[in-house]
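Chains E and G: place on chain L using the hints.
One letter stands for each residue in the lines below.
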Amino acid sequence: MEDLIIDLLAQVKRQKPLVHNITNLVVMNSTANALLALGASPVMVHSPSEVREVVDLAQSLVLNIGTLSELTAESMLVAAEHANNIGRPWVLDPVGAGISAFRNDLLANLLELKPTVIRGNASEIMSLYNFNQVNTKGVDSTADSKAAVGYGQALQEQVGSIICISGKIDYILSEQYTVEVHNGHPMMTQVTGLGCSSTALIGAFLGIADQPFEAATAGVALLSLAGQLAAAKSPGPGSLQVNIYDELYQLNADRIKADLNIKQYGN
Amino acid sequence: MEDLIIDLLAQVKRQKPLVHNITNLVVMNSTANALLALGASPVMVHSPSEVREVVDLAQSLVLNIGTLSELTAESMLVAAEHANNIGRPWVLDPVGAGISAFRNDLLANLLELKPTVIRGNASEIMSLYNFNQVNTKGVDSTADSKAAVGYGQALQEQVGSIICISGKIDYILSEQYTVEVHNGHPMMTQVTGLGCSSTALIGAFLGIADQPFEAATAGVALLSLAGQLAAAKSPGPGSLQVNIYDELYQLNADRIKADLNIKQYGN
Amino acid sequence: MEDLIIDLLAQVKRQKPLVHNITNLVVMNSTANALLALGASPVMVHSPSEVREVVDLAQSLVLNIGTLSELTAESMLVAAEHANNIGRPWVLDPVGAGISAFRNDLLANLLELKPTVIRGNASEIMSLYNFNQVNTKGVDSTADSKAAVGYGQALQEQVGSIICISGKIDYILSEQYTVEVHNGHPMMTQVTGLGCSSTALIGAFLGIADQPFEAATAGVALLSLAGQLAAAKSPGPGSLQVNIYDELYQLNADRIKADLNIKQYGN
Numbered sequence: 001m002e003d004l005i006i007d008l009l010a011q012v013k014r015q016k017p018l019v020h021n022i023t024n025l026v027v028m029n030s031t032a033n034a035l036l037a038l039g040a041s042p043v044m045v046h047s048p049s050e051v052r053e054v055v056d057l058a059q060s061l062v063l064n065i066g067t068l069s070e071l072t073a074e075s076m077l078v079a080a081e082h083a084n085n086i087g088r089p090w091v092l093d094p095v096g097a098g099i100s101a102f103r104n105d106l107l108a109n110l111l112e113l114k115p116t117v118i119r120g121n122a123s124e125i126m127s128l129y130n131f132n133q134v135n136t137k138g139v140d141s142t143a144d145s146k147a148a149v150g151y152g153q154a155l156q157e158q159v160g161s162i163i164c165i166s167g168k169i170d171y172i173l174s175e176q177y178t179v180e181v182h183n184g185h186p187m188m189t190q191v192t193g194l195g196c197s198s199t200a201l202i203g204a205f206l207g208i209a210d211q212p213f214e215a216a217t218a219g220v221a222l223l224s225l226a227g228q229l230a231a232a233k234s235p236g237p238g239s240l241q242v243n244i245y246d247e248l249y250q251l252n253a254d255r256i257k258a259d260l261n262i263k264q265y266g267n
Numbered sequence: 001m002e003d004l005i006i007d008l009l010a011q012v013k014r015q016k017p018l019v020h021n022i023t024n025l026v027v028m029n030s031t032a033n034a035l036l037a038l039g040a041s042p043v044m045v046h047s048p049s050e051v052r053e054v055v056d057l058a059q060s061l062v063l064n065i066g067t068l069s070e071l072t073a074e075s076m077l078v079a080a081e082h083a084n085n086i087g088r089p090w091v092l093d094p095v096g097a098g099i100s101a102f103r104n105d106l107l108a109n110l111l112e113l114k115p116t117v118i119r120g121n122a123s124e125i126m127s128l129y130n131f132n133q134v135n136t137k138g139v140d141s142t143a144d145s146k147a148a149v150g151y152g153q154a155l156q157e158q159v160g161s162i163i164c165i166s167g168k169i170d171y172i173l174s175e176q177y178t179v180e181v182h183n184g185h186p187m188m189t190q191v192t193g194l195g196c197s198s199t200a201l202i203g204a205f206l207g208i209a210d211q212p213f214e215a216a217t218a219g220v221a222l223l224s225l226a227g228q229l230a231a232a233k234s235p236g237p238g239s240l241q242v243n244i245y246d247e248l249y250q251l252n253a254d255r256i257k258a259d260l261n262i263k264q265y266g267n
Numbered sequence: 001m002e003d004l005i006i007d008l009l010a011q012v013k014r015q016k017p018l019v020h021n022i023t024n025l026v027v028m029n030s031t032a033n034a035l036l037a038l039g040a041s042p043v044m045v046h047s048p049s050e051v052r053e054v055v056d057l058a059q060s061l062v063l064n065i066g067t068l069s070e071l072t073a074e075s076m077l078v079a080a081e082h083a084n085n086i087g088r089p090w091v092l093d094p095v096g097a098g099i100s101a102f103r104n105d106l107l108a109n110l111l112e113l114k115p116t117v118i119r120g121n122a123s124e125i126m127s128l129y130n131f132n133q134v135n136t137k138g139v140d141s142t143a144d145s146k147a148a149v150g151y152g153q154a155l156q157e158q159v160g161s162i163i164c165i166s167g168k169i170d171y172i173l174s175e176q177y178t179v180e181v182h183n184g185h186p187m188m189t190q191v192t193g194l195g196c197s198s199t200a201l202i203g204a205f206l207g208i209a210d211q212p213f214e215a216a217t218a219g220v221a222l223l224s225l226a227g228q229l230a231a232a233k234s235p236g237p238g239s240l241q242v243n244i245y246d247e248l249y250q251l252n253a254d255r256i257k258a259d260l261n262i263k264q265y266g267n
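Residue numbers (my numbering), protein chains in the order written: chain L, 1 to 267; chain E, 1 to 267; chain G, 1 to 267.
These are calculated hints, taken from the structure and not from any lab test. Glycine included, every Cβ here is placed at the ideal spot set by N, Cα and C. Take these hints with a grain of salt, some might be off.
[Claimed, not checked] Derived DSSO-like pairs (lysine-lysine); straight-line CA-CA distance at most 27 angstroms:
no., chain 1, residue 1, chain 2, residue 2
1, L, K233, E, K13
2, L, K114, L, K146
3, G, K168, L, K13
[Stated by the list, open to error] These stretches of chain E come out as covered by chain L in the derived footprint (C-beta under 8 angstroms, 3 or more residues):
no., stretch
4, 47 to 53
5, 244 to 257
The shape of chain L in the complex, shown without the other chains:
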């Protein structure tokens, strides 16, 4: 898997896939910078009047419901349907799943459109499988990622999407395989939107990879690796955020071989 990720990273740098983001207002800037640092080309467009044309131009689509409005809810549905119609892969970040009926309704509609990949924290994945049954606290997870694996597998079977669960250990789940990523750093929970950046990087890899499972693994793994490398030189979350961009920019085969810590096994 390491060699594969190294190859996918080289492809992103060479092809600079255009990644269409309909994302939340908190992370627009940081998401764009994460994609640029990796080597992809972000475009942020959310008006219902033009999302179809941008889905046409882009190689992949990222939907992130963090700061949902009636307008962006409509745009997301239009964009996801159009992506399905023309065969574009798309990734869903169900930020704050479970905090309101409005949000759960949109998520239910988006799940019916069968996202290529879904990435969330433990609370979000548990909530997605089991609307309204989970004790959610805002947008930060109240559960350990390991506790959500069973829910993630059930969600995978239900929707057919690749499921990614971020946490102390990150999990990437397909019908046949599980990948565990043992990178990252606890301080990453004190920078806003790093999960959203992980989702965006999945979007970049979806834009160039044949297999969604491999794209999801590359996106999750490289964000966690960059975070771990950055944390080693950061006295706090301010410098951590800045150093993550620098590390994403500098990622190469040697660093990946030296520090990436992933395990894959069959289900």
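Chains E and G in isolation, oriented as in the chain L frame:
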């Protein structure tokens, strides 16, 4: 007061209060990062369809009118009313008070709902007390904070809120007491949204403190202290912003005792 | 031209012009910080209910269509018309020109209002002159800035605006003169919104300068110079963004004389 602030900071780190922000688009990312660096848990939700449910979940509410729209104006009124109904404390940041009739109308409606705390710069506090009578220049203050203390006291009497005025000296005003914070640094005026971060930190302390006056003092004082400590190692406003997060993250009893410079006196 | 730019910079620091931005959601924070670091005073207001009043207060107007919505499209037209009526200079950043009919329609309407200055990358300027004829890829340019000079000159003749084209070499075009800026650094393309910051700085200089051509040259030249100086000390795009603010803050006559590399010639 120092020991109290140290204790309140420890409570924030332990309880991680969920702080609901309906805030402006310029500072969404920096506000979330300031709250996370301190130890709180931010959630940014502004759709009228879900603000009530998030007020229910959160321990406090932050309203910031910087980039006002018809939509967020409605959300703010709904959220503030609901916060009052269920006894949640809330803080108002009247960014750009006085620059338009639309803004002044919303502010008049919000004042009727009696915010727990109001924090602004000198121009904003003067404008709030005396709509349309002040010579406002955009969102940066044209007056010294000291010149606004009289207006702040009158506003305190009128509305009953704790009033905070940011500036070279920060003032926190209650019916009985005044606190002066003699921390901060002039370069802080060349980073956008540090006043908004101060407001958000007040929100974090409102989420765990019994006394709004103490929460307001802790929020204002610790942002100014972090800014001062950060400025000492920053060649310009870019690194200042980054270092403020690192300093907020590292704040502890020793630093507060060594460098916090506040005075309290009766009115 | 160097001495002129030095003088204009001193004027910005002294007068702190209020720059009204109706800009895109990705760069609101970074644009505000670039303006503050230079010494100007940004205000971000986009509600149709209050844009006229803020145009009245401000010395210049910046319109950036990056994350266009029906609402901001309306606000931009209202603001540009009002700016023309009261004689305020304004600069247009046609982000993503050509990616949709919605965007091209708004741009056609804005061109009729004759912006004082237009700044874009090569693809955007080529698309503006020749709607729908250019092979656009999202918001990053697919063409070299030199290839767009002819289009820029034609656009200049057509609309009468000063035209700025960002790229490896930046071009500033008036009816009579061309300026080339040979500063900047390739890593700048991996930070989001630096072109938008360049546009915002043009706005700051328009707020204090008599000649739009000189204002445009100062804005473009100083952002590229700050980027070049920052890149020399930045291991990646994260630190580059931070260091650009520090460099903008520290710009002075000595640095400009030592490192600014511009050429002016008649057409």
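Problem - Hints breached by this structure - result: Of the numbered hints, all hold.
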